[in-house]
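S.K.: Please build the complex by placing chain S on the supplied structure of chain L, with the hints as guidance.
Keeping their order, the protein sequence lines are chains L and S.
Okay, so the first sequence: first residue is 1 according to the numbering used here, each after it adds one.
Okay, so the second sequence: first residue is 1001 according to the numbering used here, each after it adds one.
Don't take every hint at face value.
Derived lysine-lysine pairs resembling DSS-like cross-links, with alpha carbons at most 25 Å apart [stated by the list, open to error]:
1. K1014/S <-> K97/L
2. K1078/S <-> K138/L
3. K1018/S <-> K97/L
No wet-lab data here; the hints were simulated from the structure.
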Amino acid sequence: MTAYENAIEIKDVTKRYDGFTLDNICFAVPKGCIMGFIGQNGAGKTTTIRSLLHITDIDSGEIRLLGLDHIKDETAIKQRIAVVFDELPFHDVFTAKDMARILEGMYPRWDHAVYAQYLERFQLPTKKKIGQFSKGMKMKLQIACALSHDAELLIMDEATTGLDPVVRDEILHIFMEYLQNGERSILMSSHITSDLEKIADMVTFIDKGRILLTGYKDEILEQHGILKCGKDALAEIDAADIVSIRTNSFGAEVMLHDREAASYKYRDCVIDPATLDDIMLYYVHRDRKEWS
Amino acid sequence: MMRLYRSLVFRERKLARKRTLLMLILFLLVALLMLMPLLSGVSMEPGEAAPVEMILLLVGTVSLTGGAMAGGNNGVQKADISAGWKRYSFVLPPTAKQQAFADLLAKLCDVLLFGLLSAAVAMAYSVTTGYDASGLMVNIYLGAVCVVMLVDVVYSYILMFAKTKQDLAIVGLIALVGVSLVMLVLDFLSNTIKLPDQPAQGGALISDAAFERFVTALSAGRTTLCVTAVSVVICALYFLVMWRSHERREP
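This is chain L alone, in the form it adopts within the complex (with noise of 0.2 Å):
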C-alpha cells in the first residue's frame, strides 16, 4: 500500500461540455480531513466529483487519490474508497442482505459484523425490500453499504441533501467517528453548508467551474468579515477589500477578504463574521460588486 500525505489531489484538471467548463481546477484534500466541497447547483460539483471518480474522461490535468493515478490504478483505488450518491444507486428489489452478498465479493475487506452493527445502528430491516424503504432509510443503507469495507477515502455527493435534520445529524455523527482513526479522509459536497460548519476541516468553494476558496475551514471563517453601513459610508471602502456588497433599504453589507485588516482600517464600523453560507452569497455576487 502506498504511503500518502493528501488523499485526493486534483491539479490543473479541465473538462469541457457544451455550455459549461471544469475550468484548471486544483485542490487537495489531506490524509485524515473532512473536506466540503460547496457551490451552488451547477457550479461543477459534481463534475468533479465525477471526473475524480473517472464516471467521465477529463480533458487534461492530473488527478491522484491515496497516491494513486485516477485511472492507472483505478481498480487499486475502488477498493479502497467508497462512494455515497445523492440518490440511491441499488435495485428496488434487493434487500439489504442481498446488497451484503453483492458487495462482499467485491471489496477484499469487506466486514459482514461491520455491516450488521451499522444495519442494527440504523434500525434497517434485512429482509425488506430496498423499494419499500424512505428515503432517509436508503440513504442509511447507502452509508452502511459504504462504510463496511474499510475504505481509507469517503466520497459523498449531496448525500445529504432531502434529509431532515435529524437524520441528517446522526450521519454527520457516523463520518465523525468514522475519521477518529486519522487514517480516513472525506469528500463531501454540499450546498447545505451548515452541515459542513458542523463537521468540516477545510473548505473548498466551487463556482461556474472555477475554484474560488479552498483551505481550511476556520481560517476561511476568520478572514472573512461582513461590514454593516450605510450608503453613503460604501465610498469609503477600498475596493479591493471588497468582495461584493449587498445594499437593502436600511444600508449595506459589505464582505470583504481581510477582516483583521479592515478592523483597523475602518474602525467605526461593526465588522461581523461570516458564515460559509454569506461567503457563498457574496462570492456568487462578485461579478455585480452591488447587489440587493
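M.R.: Here is chain S on its own, set in the frame of chain L:
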C-alpha cells in the same frame, strides 16, 4: 476471484429472476403440449418406423422455444441504467472485463438451464420412440440461441449509449429499430437458401427425399460443429459488447 464472480452472477440472476421464472413457466407449458402425444400413449412396436416428421416438429418446437428464451435479453442492462447502478458500477472495484464475463456467465446459466430442459424432452422421445433426436435437438437449440443472442448483442450495443433513465426511451427505440433491421437481414438470408427443386407429392411443401436430406443435415455432427462454432463466436461478440458497455464512460 470466485467470490467476485459469485457476487456478480448472483446480482444478475436475482435481477432476472422474475423474467426467468416467467420464461420457465412458458417453456414448461410448451414442453407439456409437445409431450402430449407421448403422454396420451404413443409408443412404438418393435420394428415399427419412428414417426420422424412428428418428432422433428415436437422436439424442434421445444428446442426452438428453449433457445429463444435462453438467448433473449434478460433486461438487466436496462434495469441497471434505470436504477442508477450503471453509474455506481464505475466506482466499484470489478473491472469492465470482469463485469462483462459475469454477464456472459449469467447468460450461459440460462443457456444451460433451457438446454437441459430441452434435452430432457428430446430424451423422452428418444426413449419412447427409439429415434435418436439428440443431434436434432442440440442443433436446433443452439441455432435458436445464436439467432436470439445475435439480436441481443445488437440491442445491448445500442443500449450502451444510454446512461440515464431519460436516455432509455430514445435509445431503447433506436435499439428496437436496430433489432428489427437484424431480423430483416436474417429473414432475407433464410429466404435466399434454396430448397431442392424436387416436386413434392400430395400437396406437401417439400418432397420426402428433400425432407429426409433436410433432417439428416439438421441432425448431422458437422452441423453441430458449425453451430457450436457460431455459438462461440456470438458468445465472444456478446462479451465484447458487454465489455465495451461497462468500459464506456459518461460524456
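S.K.: All the hints need checking, so say for each whether the structure fits it.
M.R.: Against the structure, the hints:
1. Proposed proximity of K1014/S and K97/L is supported: the alpha carbons are some 12 Å apart, at most 25 Å.
2. At most 25 Å may separate the alpha-carbon atoms for a hinted pair to count; K1078/S and K138/L meet this at roughly 21 Å.
3. For the given pair, K1018/S sits about 19 Å from K97/L by alpha-carbon distance, which is consistent with the 25 Å threshold.
Hint compliance for this structure: no hint is broken.
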